[in-house]
Each structure stands twice: as structure tokens, then as C-alpha cells.
Amino acid sequence: MRHGKYRFIIGFLAIPLALYGVLVISPFVQDFQISMTDWSGISSDKKFIGLDNYQKLIHNDLFWKSLSHNIIMLLVVPLVTLSLGLFFAFMLNVGGRRRGSAAGVSGVRGSSIYKVVFFFPQVLSVTIIAVLWQQIYNPDNKEGLLNALLGNVGLGALQHAWLGDKSTALACIMVVMIWANVGFYVVLFSAGMASIPTEIYEAARLDGAERGTTFFRITLPLLRDTVATGWVYMGIMAMDGFAFVQLMSVNNGGPDESTDVLPLLLYKTAFRDNSQFGYAASMGVAMLIVTLIFAILSMRLSRRDRIEF
Amino acid sequence: MTTNAVSVEKQKSAAPTAKNRTKRNWRRSEGGVLNVFSHGFLLVWALMVGVPMLWVLWSSLKTSGDIVGSPWSLPTHLHFDNWTRAWNKANIGQYFINTAIVVGCSTTGTMILGSMAAYVLARFEFFGNRFIYYLFVAGMAFPVVMVLVPLFFVTKNLGLLNTFPGLILVYIAYSLPFTVFFMTSFFRTLPTSIAEAALVDGASHSRTFFQIMLPMSKPGLISIGVFNILGQWNQYLLPIVLNQGDSKNYLLTQGLADLATQQGYAGDWAALFAGLAIAMLPVLAVYIVFQKQIQAGLTAGAIK
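Chains A and B, in that order, give the protein sequences.
Those letters in the first sequence? Residues 5 to 313, by the numbering used here.
Those letters in the second sequence? Residues 31 to 334, by the numbering used here.
FYI, nobody ran anything at the bench for these hints, they're computed from the structure.
Take the hints with a grain of salt, since some may be wrong.
Unchecked claim - Cut-off 27 Å, straight-line C-alpha distance, at most; resulting in silico cross-link-like pairs (DSS-like, lysine-lysine): (1) B:119 to A:51; (2) B:322 to B:248; (3) A:272 to B:278; (4) A:272 to A:51; (5) A:69 to A:170; (6) A:119 to B:322; (7) A:50 to A:60; (8) B:278 to A:50; (9) A:146 to A:170; (10) A:170 to A:272; (11) B:186 to B:278; (12) A:69 to A:272; (13) A:60 to A:272; (14) B:119 to B:248; (15) A:272 to A:50; (16) A:119 to B:248; (17) B:186 to A:272; (18) A:9 to B:248.
Could you put the whole structure together from the sequences, leaning on the hints where they help?
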């Protein structure tokens, strides 16, 4: 029996662990190693150069520029996405006309349809979304959906080369990231709000609380854990803005490097510009550090006592 | 006197109703204003999400000239030839099949291997159990792009670069953390008595797993299965790095990105929109059919 148990455990764990070890853990460990070499990938010779790549990285302006774009995304995208998600979820669940009960609190009619529609972008691939929005942002006043719309409603003055102007390009890409993710958080927060007993709202309403107050005093504190999880989740996602930037930006991170982000810089350094693998690996380590700092800070800030209900 | 009393009584009885009515009116109007207010915002966002997608559909049925000249106009004739052109000439059909093969295999593999590992980790005590569990869970925290360089060479050294089996194995490996995490907590919630009864009756551990525990965990398997299918179907980064070979072997996401670049030069916008529509519709159709399970599955995954 005992023997059978261990044979079973090993039998069931061997393949998943081997696969995970070879394709996830070992690359992870190797990344640190490669980051300390001058490897260019083509030949097998790689020289150990210690922290030279990191030194080079610190003096690379493009690295800092990309990192700053990542940090802007890390702060703006989760904040706006989660705020909109909370707002819409609140409207869906508590924004409705009263029904029956004295201080009735109910969802708006058709809330399930809204949820279905809002969730659409979440099931589409990033490629579809990026290509689609590239066409929406098309700078031509007659070709681009957005510019044509502005022209049609008499706001021609606002027509713009959205992705081609370095002052708006990054913001335009962030809008798409937000657009793509809001639906998920509406559904997520709706599920959380649905589990808050309506009596709590009704009691607050009877005590004369406005809906705005109930939101900040009841909903938000009770959803704290969900919001915190969503924040970290969204932050890790924003850190990887690779596909959006690579597909939408002019000249891969342009114009004038105004949209370049670390993952894209890493990709270009490794697979486009002279295969500087060692250097690219050091960017991977830098990304890990930023992600870890973000995760730790978020956890610290969100740690509070749990509220049971 | 009597009339007075009556009128007082009347007033008395009328007063509360009037008060009630104004109160109700006030409530209703407040509810109404808020209702209009919420519907207003919700509708604006629904349009912002829905219109771009409808735009892809209606543009995919227009000629390139119409798309370029007036993007907001509806198609005058339905040009389904765009779709056949995208499917055949732009290879969207081939990419679609490639993706179906890769995602079909990798999701199946992820589910089998992930639940096997999760079952052992959830139900058995042995040396290193916690360590292995956290090893898997730690994988959820870092972005794949970070290890792109070593991953490329590991795959290359194994002879798996630019092959479907290579992509499948990598997809499985990177889906394991979340699958193991999710399924471990799921297996812990299942009652132990049935599995114990089966063991007492002489069933082997693996038989107990495949014939009893796995069928019992169907709801969990569906949630995580949907999560994996969507995630792997939409993967873009891994294919463009690990599948750079023959363009016939591209996956749908790669093919679309390629098409978008090419059509910029060729001017066949109609084919691009048709390609987008072909890639979009099946996913949306599956989503609309299974939307309850998908929403529940994806959000359950994020909460836990």
C-alpha cells in the first residue's frame, strides 16, 4: 500500500514537473546566468562579463524611457480600468429603479445583457483588438473610424494622427488596454457586489445615505480583497503591454520611441538587433525586479483586516 | 360639527396618502434619474465596445474602396468574396486549422497533467509536497516575456523550435501554474469519503482518480478548461518567438498580424477585415453560448 502510494505520487507528478522544470524553471534560472554574458547567440562562445550588461543598461536612455512608459502604464491602466469596472458594476447592481421594498436597491434592467456585451473584448485575442484599433485610429480623415466620426459630427478640429503623434500615441494605446479589460472587472466586481447582502444597502438607505455614500462606505470596503487582487493582476498585465505596442505603434515603439516598453525593447534586442541575447536577458531581470516591487507594494498597501459578511 | 369632524377625518386620511405619494414620487423620480443616469453610462460603454466589432463585420462585407472612402457607411452589396479571399488567399483558413490543432492538444494536455499534479498535491502527504506546490504557484507571478531569451534556446536545443509539438509543450508548461493552483483548491473541496470507499473496495489510486475524482470535479474542469482555451487561443508572444519558421505554419494571431502589415501595402482592406471577422466570430459565438460558464469560470479564477 505504502509502496503503491509513492509509486502513484511519482507517476502522477513526474511528467508535469519535468515539463515545468525544463520549460519554466530552467529558463528562469538561466536568464540570470545569460544576463552576465556577452552572448550573441550565433556562436556557442559566451564570455562571462559579470554585471557589465547591467552597467550598460543603467546608461541606456532608451531603457529608462521604456521603463518610464511601463511605470505610467502600471499606474494609469489598472487605476482607470478598475475605477470604470467598479463604476459600471455599481450602476449595474445598485443603480436600478426601486422595486417593491421600502428602500429598494436593485440592479438596472438588462444588466445581464450589458455584462455580456462588456465582456466581449475579453474573449478576443490581443491581436484582433490591436489590429482593429489600429484601423480605428487610422490617421486619414476619411479612412479612420474615429477621425471620420469626428468629421461627421462637426468636430473636425479634433482630428488627429492618433498613433503617429508622439504626444498622444502612448495614451491611445493605454485607452485600448483599458477598453479591452474593463468588461472583465465589471463582471468580477458584479459577482462580488451580488454577494453583499442587500439588507446592508437598504439599512444605509433608510438611514438616509446617498448612493454615492453607500458606494464609498459599503461597497468599496467590502470589495477590498477583490479590488486588491484585480489591481495586482491588472498590473502584471499592464507590465506586459508587448502585443499592443508591437502591433499598434508606428515603427515598433515609435514615433520617436514614445511608446517603447521594456518587453518590446527586450524582444527587439534579442530577436531583431544583432541578437544581443546577454543584454536582453538583463532586461528580463530588470523587468522581474520592477514586477516584484509593484507586487510587494500593492500587497502592503492593500493589507487590512478582512471583513466577514 | 359633524361636517367638521368628517373633513378633519378626511384630511387625516388624505394627509398620509398625499405624503406617501410625494414621498413615493420623490423616490421614483430619484430612482428614475439614477436609472437614466446609469443606463446612459452603461449604454455609452456598450456602444464603445459593440460598435467597433460591428464595424469589423460590416466592413468585411464592403469593397476596399468603400472601406477607405467612408468607414461609417453600411455595405450596399454584401461582398462575401472577401471572406473566401481571406480564407484561401490570405491563408486565414490554414492558420485557423493550425491554431485549432495546437490549442486542442495543449488544452487537453494542460487539463490532464494539471489535474494529475493537483490531485496528488491536494490529497497526499509526502516530503516536498508544499515545496512543489509553491514552485508551481510561483509561476503565476512573472511575465513570460522575461524568460524569452533562455526559453528560445531551451526549445531550440530540444529540437522543438518552430514545431507544433514545441509550441504545445510550452503552452502546457506555462498554463500549469494556474491550472495546478486552481485544481488543487478544487480537489480539496471534494469529500474524501467516496475516494476512500473506492480504495477500500480495492480500486487502485489511479483508477480512483480517473473514474471517481475526475468525473466529480467536472465543474472545476470546465472553468479552468475555458480559461485555458481562451488564453492559449489568444496567445501571441509565444508563437512569434517560437514559431518563426514557414509562414504556412503560422497561428491565427501571427497570421492576422502579418495580414495587417501586408494589407497596408497591398491595399486589400476588405480581406483584412474579413480575416478579422473570421477570427472573431467563432470565439464570440462560443462565448455567447457559454457566457454564463465563461464569466463564472474566469472570475472564479481571479478571485481565488
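Going down the list of hints, with the structure as the test:
Restraint check: the Cα-Cα separation between residue 119 (chain B) and residue 51 (chain A) comes to about 47 Å, which exceeds 27 Å; the hinted pair is violated. With a CA separation close to 16 Å, the supplied pair residue 322 (chain B) and residue 248 (chain B) stays within the 27 Å bound. Restraint check for residue 272 (chain A) and residue 278 (chain B): satisfied, since their Cα atoms lie roughly 24 Å apart, inside the 27 Å limit. At most 27 Å may separate the alpha-carbon atoms for a hinted pair to count; residue 272 (chain A) and residue 51 (chain A) meet this at roughly 22 Å.
The hinted pair formed by residue 69 (chain A) and residue 170 (chain A) meets the criterion: a straight-line CA distance of about 13 Å does not exceed 27 Å. For a cut-off of 27 Å, the pair hint linking residue 119 (chain A) to residue 322 (chain B) stands: about 10 Å separates their Cα positions. Between the alpha carbons of residue 50 (chain A) and residue 60 (chain A) the distance comes to roughly 17 Å, so the proposed pair stays at or under 27 Å and holds. With a C-alpha separation of about 34 Å, the suggested pair residue 278 (chain B) and residue 50 (chain A) falls outside the 27 Å cut-off, and the hint is violated.
The suggested pairing of residue 146 (chain A) with residue 170 (chain A) holds, with an alpha-carbon distance near 22 Å, which does not exceed 27 Å. Distance hint between residue 170 (chain A) and residue 272 (chain A) is fulfilled; the C-alpha atoms sit about 20 Å from each other, no more than 27 Å. Of the supplied pair hints, the one linking residue 186 (chain B) and residue 278 (chain B) holds, its CA atoms being roughly 20 Å apart against a limit of 27 Å. Between residue 69 (chain A) and residue 272 (chain A) the alpha-carbon distance is near 15 Å, which keeps this suggested pair within the 27 Å criterion.
Between residue 60 (chain A) and residue 272 (chain A), the direct Cα distance comes to roughly 16 Å. Compliance with the 27 Å bound is thereby established for this hinted pair. At roughly 41 Å between alpha-carbon atoms, residue 119 (chain B) and residue 248 (chain B) are farther apart than 27 Å, so this suggested pair is violated. Distance check on the hinted pair: residue 272 (chain A) and residue 50 (chain A) sit about 20 Å apart at the alpha-carbon level, within 27 Å; holds. A hinted pair counts as satisfied when its Cα atoms are at most 27 Å apart, and residue 119 (chain A) with residue 248 (chain B) qualifies at roughly 25 Å.
Straight-line distance between C-alpha atoms of residue 186 (chain B) and residue 272 (chain A) comes to about 19 Å, which keeps the hinted pair within the 27 Å bound. Note on residue 9 (chain A) and residue 248 (chain B): the hinted pairing holds, with a Cα-Cα distance of about 24 Å set against a maximum of 27 Å.
Violation of the numbered hints given earlier is confined to hints 1, 8, 14; the remaining hints are satisfied by the structure.
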